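These protein sequence lines map, in sequence, to chains A and B.
Numbers 1 to 264, taken from the numbering used here, label the letters of the first sequence in order.
Numbers 1 to 343, taken from the numbering used here, label the letters of the second sequence in order.
Read the hints as simulated data drawn from the structure, not as lab findings.
Small disclaimer: the values here were computed from a predicted structure and weren't measured.
Wrong hints could be hidden among the right ones.
Facing chain B, according to a computed beta carbon distance under 8 angstroms, are these residues of chain A, among others [unchecked claim]:
no., residue
1, His-74
2, Leu-87
3, Tyr-91
4, Ser-103
5, Arg-112
6, Arg-116
Backbone N, C-alpha and C define an ideal beta-carbon position, used for all residues, glycine too.
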Amino acid sequence: MTALLEAAGVVKRFGGLTAVDGVDIEVAPGEMVGLIGPNGSGKTTLFDCLSGIQSIDGGSVSFDGVDITRRRPHQVARLGMARTFQLIRVYRDLTVAENMELSTQWAEVGLRDLFRPAGAATRRKAGDLLEFLMLGPMRDEPAGTLSGGQRRLLEIGMALMSDPRLVLLDEATAGVNPSLVEDIKDRLRAVNSEQGVAFLLVEHNVQFVADLCERVVVLDAGSKLAEGTPSQIMDDPAVIEAYFGAAGRAHQTNAGANGTGAGP
Amino acid sequence: MNALKQALASGPGQVAIRAVVAVALVWLVVLPLLGASDSTLFTMTLMLTSVAVAINWNLTGGFTGYVDFGHAVWFGLGAYVTAILMSLQANSLSIGWPPVPAIVVGAVVAGVLAGLIGRVTMRLKGPYFSIAMLGTFVAVREIVRTWGGLTGGGVGLTLPPYLNRQLFYYVELALVVGLVVLVWWLRRTRFGAALVAIREDELGAQMRGISTTRLKVAVFSLAGASTGLFGGLWAYQNTFVDPDIAFTEVRTIDAIMGTLLGGLGTVAGPVVGSVGLYWLREVLWANLLDYHLVAQGVLLILIVLLMPRGIVGTFDRRGVSARHLWRLRRRHADDRSEEVTAP
Numbered sequence: 001m002t003a004l005l006e007a008a009g010v011v012k013r014f015g016g017l018t019a020v021d022g023v024d025i026e027v028a029p030g031e032m033v034g035l036i037g038p039n040g041s042g043k044t045t046l047f048d049c050l051s052g053i054q055s056i057d058g059g060s061v062s063f064d065g066v067d068i069t070r071r072r073p074h075q076v077a078r079l080g081m082a083r084t085f086q087l088i089r090v091y092r093d094l095t096v097a098e099n100m101e102l103s104t105q106w107a108e109v110g111l112r113d114l115f116r117p118a119g120a121a122t123r124r125k126a127g128d129l130l131e132f133l134m135l136g137p138m139r140d141e142p143a144g145t146l147s148g149g150q151r152r153l154l155e156i157g158m159a160l161m162s163d164p165r166l167v168l169l170d171e172a173t174a175g176v177n178p179s180l181v182e183d184i185k186d187r188l189r190a191v192n193s194e195q196g197v198a199f200l201l202v203e204h205n206v207q208f209v210a211d212l213c214e215r216v217v218v219l220d221a222g223s224k225l226a227e228g229t230p231s232q233i234m235d236d237p238a239v240i241e242a243y244f245g246a247a248g249r250a251h252q253t254n255a256g257a258n259g260t261g262a263g264p
Numbered sequence: 001m002n003a004l005k006q007a008l009a010s011g012p013g014q015v016a017i018r019a020v021v022a023v024a025l026v027w028l029v030v031l032p033l034l035g036a037s038d039s040t041l042f043t044m045t046l047m048l049t050s051v052a053v054a055i056n057w058n059l060t061g062g063f064t065g066y067v068d069f070g071h072a073v074w075f076g077l078g079a080y081v082t083a084i085l086m087s088l089q090a091n092s093l094s095i096g097w098p099p100v101p102a103i104v105v106g107a108v109v110a111g112v113l114a115g116l117i118g119r120v121t122m123r124l125k126g127p128y129f130s131i132a133m134l135g136t137f138v139a140v141r142e143i144v145r146t147w148g149g150l151t152g153g154g155v156g157l158t159l160p161p162y163l164n165r166q167l168f169y170y171v172e173l174a175l176v177v178g179l180v181v182l183v184w185w186l187r188r189t190r191f192g193a194a195l196v197a198i199r200e201d202e203l204g205a206q207m208r209g210i211s212t213t214r215l216k217v218a219v220f221s222l223a224g225a226s227t228g229l230f231g232g233l234w235a236y237q238n239t240f241v242d243p244d245i246a247f248t249e250v251r252t253i254d255a256i257m258g259t260l261l262g263g264l265g266t267v268a269g270p271v272v273g274s275v276g277l278y279w280l281r282e283v284l285w286a287n288l289l290d291y292h293l294v295a296q297g298v299l300l301i302l303i304v305l306l307m308p309r310g311i312v313g314t315f316d317r318r319g320v321s322a323r324h325l326w327r328l329r330r331r332h333a334d335d336r337s338e339e340v341t342a343p
């Protein structure tokens, strides 16, 4: 199967700091891939490079066979790649429904549509998605009045409005209470299995990644440290080292000695 | 205040607002027929001009969030292009253009230049954009002053006089009404919604597929053309332009103050605010001649403090406060986005 997203040797430098150092990453159509790594390992910067917010200093990115290395963010979005942000970006002074209607697939908005109000089809789709995301009752509230978790849901909804084939989710569960995390997980799984939308998730919540993804990529200090199934990753000594340092290694060794873990 | 808000939003409230608008329009239309003097009509025409400039300023400043400190440059350009075309001479014989094409060309020139300059200055965010536009304004004025062969330099240009105040009044009234309708309609379209998205979060709007550069430059160009049109009309009525009266900061300041008073980012705000500002000045000038500017400043500060979203914005959820705009622009200026060169 050809990859939907294919990034090869992506390099991003900020002055003397190499934030992303030759990372290869692929996402197949309909696949859910996790991207984890300690703070500062370059996950969000990699997202910025993939989605055109940051220009890259080396390597290439292609989406659905189209080279998008030098494309601007709106061009990337129009090809069917949507994303959410670590720091939530909803239009706080617009209503929930307006937020959704603005996030339609702009590639389909011609010059004539531009000078018309959002169509009935767009409004219906926004309404359906809001129901699906349990935000129906809030549709006419300004987005700024939603709770943190609801804003995450709204942002996911906005990403889904554009009929994306790939969604980059940046910390979809940060600051969200545990029961809502379960809801988000269910909704993402449903969108993935029913509509075949692929996801690349940056997460700190490792359990969330393990539950959703078939494949996990681990970044450390800008480089790819490991790649594999969630269980392979969690047993990988290099990953444990990067996450927990020497303490993690010692813990793992003890666990192995007690016969309960799969130590090195 | 809340009770009033609800009353205005309800059916009867809407009917009341429409009735007030209808009465105001009828009054404006019959005013010349009731024997208003030429000087009254001239004052009214100038007021309509400042209403129009405020509406145009609000398109970029209020809706799109790009606070332009040099908007009067388009007014001066429209005025000068009109004046140059109408006062053309060859061998001491007048070969001046008729007024209508001269004014239209003035608006087009202002619009095209706004598009070109906006393409560059609108890459800047927040306060940087504001300062760049202030610089553009001063630079263009000085170019006009220096380029004596074309512009008459500091001496200025005299246009063929045509002093039909009533006609000017009706033309401007019709244009301002048309402009309000245009903005009201634009606000309802996806284009208008996208402008608000740019104001609220430009990077987010890009990430959701909106071609923000194209749209914000388009609206900047539209506002420039419209202000240029009113500049041309003003030059014709004034029968004289020089760099200091055609390019005056006061026009930008009035547009900003009128919009703040009426409500940033609302359709009716700049209209209500600019008329209010005119009226306020008249009252203060008549009663407190020596201190009227001080009193005006104090009153405006009080209004902005007590009604941060302006008169219309207080009742219209779509209005925003100057503080909100300031916060947004600062946040955008800090965004990590880089210009990625297109293929």
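Hint numbers contradicted by this structure: Of the numbered hints, 2 and 5 do not hold.
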